[in-house]
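Quick note, the sequences are listed as chains A and B, same order.
If you use the working numbering, the first sequence corresponds to residues 23 to 319, in order.
If you use the working numbering, the second sequence corresponds to residues 23 to 319, in order.
Simulated from the structure, these hints should not be mistaken for lab results.
One thing to keep in mind: the hints can contain errors.
For identical chains, the list gives no copy identity; a pair is met inside one copy or between any two copies.
Claimed, not checked - Straight-line C-alpha distance at most 20 Å; calculated DMTMM-like pairs for lysine to aspartate or glutamate:
1. K189 - D129
2. K126 - D113
3. K80 - D115
4. K299 - E231
5. K150 - D162
6. K48 - D183
7. K226 - D129
8. K68 - D41
9. K166 - D116
10. K48 - E195
11. K48 - E198
12. K121 - E248
2 protein chains.
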Amino acid sequence: METSQFIEETLPILQEKIDDVLAQNKAQTPSILQESMAYSLNTGGKRIRPMLLLATLKALGQNITQGFMTAIALEYIHTYSLIHDDLPAMDNDDYRRGKLTNHKAFDEATAILAGDALLTDSFALIGKDSLITNAEVKLDLINKLADAAGSKGMIAGQIGDVQAEGKEIDLLEMKEIHKNKTGELLHYAIYAGYQIANPSAEIKALLDEFAWTYGIAYQVQNDLQEVMWSDDDRGKFQHSDAALTKNTYPSILGTNGAIEALFANTTKCRTLLQQIKDIDESFDDQLLAGFLTFLKI
Amino acid sequence: METSQFIEETLPILQEKIDDVLAQNKAQTPSILQESMAYSLNTGGKRIRPMLLLATLKALGQNITQGFMTAIALEYIHTYSLIHDDLPAMDNDDYRRGKLTNHKAFDEATAILAGDALLTDSFALIGKDSLITNAEVKLDLINKLADAAGSKGMIAGQIGDVQAEGKEIDLLEMKEIHKNKTGELLHYAIYAGYQIANPSAEIKALLDEFAWTYGIAYQVQNDLQEVMWSDDDRGKFQHSDAALTKNTYPSILGTNGAIEALFANTTKCRTLLQQIKDIDESFDDQLLAGFLTFLKI
Numbered sequence: 023m024e025t026s027q028f029i030e031e032t033l034p035i036l037q038e039k040i041d042d043v044l045a046q047n048k049a050q051t052p053s054i055l056q057e058s059m060a061y062s063l064n065t066g067g068k069r070i071r072p073m074l075l076l077a078t079l080k081a082l083g084q085n086i087t088q089g090f091m092t093a094i095a096l097e098y099i100h101t102y103s104l105i106h107d108d109l110p111a112m113d114n115d116d117y118r119r120g121k122l123t124n125h126k127a128f129d130e131a132t133a134i135l136a137g138d139a140l141l142t143d144s145f146a147l148i149g150k151d152s153l154i155t156n157a158e159v160k161l162d163l164i165n166k167l168a169d170a171a172g173s174k175g176m177i178a179g180q181i182g183d184v185q186a187e188g189k190e191i192d193l194l195e196m197k198e199i200h201k202n203k204t205g206e207l208l209h210y211a212i213y214a215g216y217q218i219a220n221p222s223a224e225i226k227a228l229l230d231e232f233a234w235t236y237g238i239a240y241q242v243q244n245d246l247q248e249v250m251w252s253d254d255d256r257g258k259f260q261h262s263d264a265a266l267t268k269n270t271y272p273s274i275l276g277t278n279g280a281i282e283a284l285f286a287n288t289t290k291c292r293t294l295l296q297q298i299k300d301i302d303e304s305f306d307d308q309l310l311a312g313f314l315t316f317l318k319i
Numbered sequence: 023m024e025t026s027q028f029i030e031e032t033l034p035i036l037q038e039k040i041d042d043v044l045a046q047n048k049a050q051t052p053s054i055l056q057e058s059m060a061y062s063l064n065t066g067g068k069r070i071r072p073m074l075l076l077a078t079l080k081a082l083g084q085n086i087t088q089g090f091m092t093a094i095a096l097e098y099i100h101t102y103s104l105i106h107d108d109l110p111a112m113d114n115d116d117y118r119r120g121k122l123t124n125h126k127a128f129d130e131a132t133a134i135l136a137g138d139a140l141l142t143d144s145f146a147l148i149g150k151d152s153l154i155t156n157a158e159v160k161l162d163l164i165n166k167l168a169d170a171a172g173s174k175g176m177i178a179g180q181i182g183d184v185q186a187e188g189k190e191i192d193l194l195e196m197k198e199i200h201k202n203k204t205g206e207l208l209h210y211a212i213y214a215g216y217q218i219a220n221p222s223a224e225i226k227a228l229l230d231e232f233a234w235t236y237g238i239a240y241q242v243q244n245d246l247q248e249v250m251w252s253d254d255d256r257g258k259f260q261h262s263d264a265a266l267t268k269n270t271y272p273s274i275l276g277t278n279g280a281i282e283a284l285f286a287n288t289t290k291c292r293t294l295l296q297q298i299k300d301i302d303e304s305f306d307d308q309l310l311a312g313f314l315t316f317l318k319i
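Produce the entire structure from the sequences given, and follow the hints as far as they go.
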């Protein structure tokens, strides 16, 4: 299946379910808290993590219905991390994707609490999901999400990122920070997809490697965009300060080195998908390969 | 069993297990994040929530071992809520229990992230608990904890508290705010205890009522202490400003009215415990009754 068609068909269903989930708590949640949560959940992100989760299920020949609640939980966690990351004490950003950040649209107290609420509620979304009937599978999805997002996962990466600012670190250290900061949740998307679908251990292992490799490629491309976009638009490195003090792939490998790293990782991703296809002909490798085209620079 | 003896024996075991849990993630967690989490976990609180959970198990004739991970998860959640509550954008407190608050001992970014980490990690503590073997029970403990702490529980209460500041609200509105803000986690302590012990539905219902009633009594006593302590110590209402603008039981009912409310609720608690004892002679009502003596003013 074409990835663009899959996303086009699936995004409105996901949005409807997000709206449903938010509406369910309406009676018991102060309206300002609801509005603040909904505001950041609907800031126009690409929903790449939930889409990756659902596409993994689909590529493995499964009905995507049973993936929606976990996909929304993942989007909740991603959204909370952006709200807290934007706070004055953290990155101090006033805008995200052209809209006011949560603490600017509301206030700091509300933003902190809306982030806390999205994080907390996410676990019950999986725990109460009636479409996944196996309790052990749900527990595994909860445990892995907490690990991916918690003190040895995403939050370790955010602390590492703050600590490394302005310092020179080597490629290995940066890889570790980025594995935690962005890699863990991207990995979880694919992990959750294959745990719900439950293919052979061999295919799980290959998808696992695909997930980590995709995460690296995603981060390299993200870093490159900061350099290249401004380069194209204005003939100068608009974000070069950020790129330099923040320890990015281009700042450590150089722009060409980073482009090579991006190419090497997307190539490895394609090889892994082909290996799965060789094991199971019915595997829709093209659906996942389409997510690599998002990493064009 | 004497409550004081139970606590004296159980607190060191709980502390040891908290230290173990923190040490487990040592290799994968940045040390500053670990220190910040441990700092607030070990600020010398009374650990009333985990103790209440374990005492409920014990009162129902169960081994308390299987309650420890849930008790620690609950203490993680309580601790995160204090860290975030103390932040400059929230209550802006520099001290808690005579020690610097987390964002003063570390910095604001670290405090936000340490709170996030405690909140996130708590769910995996329950999810991975090998001493509770029934997956459905663990899912229920996770779901209920997320509900008690999330957008329709504790966080709803915190938003309500912020919104009510400086406004006049009536007794019903204040009860609702306090039910969410402090009642939900106290209720959860007893809920988790009886769900793990699994007595008859009749006893569960009585313990449930005990839990909500205890939560009200706890909050009334808390509010009264702010007024009475300063009264005794200095001959004036040291915290009367806070007590008045913050909508407390004494500010709405008057000090005498609040004392009467405290008495009525602790009496109701004792009656409920006696009712359980009447159903099941082996129920250790005295162990839970001991927690009422903490509510002396």
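Which of the listed hints are not met by the structure?
3, 7, 9
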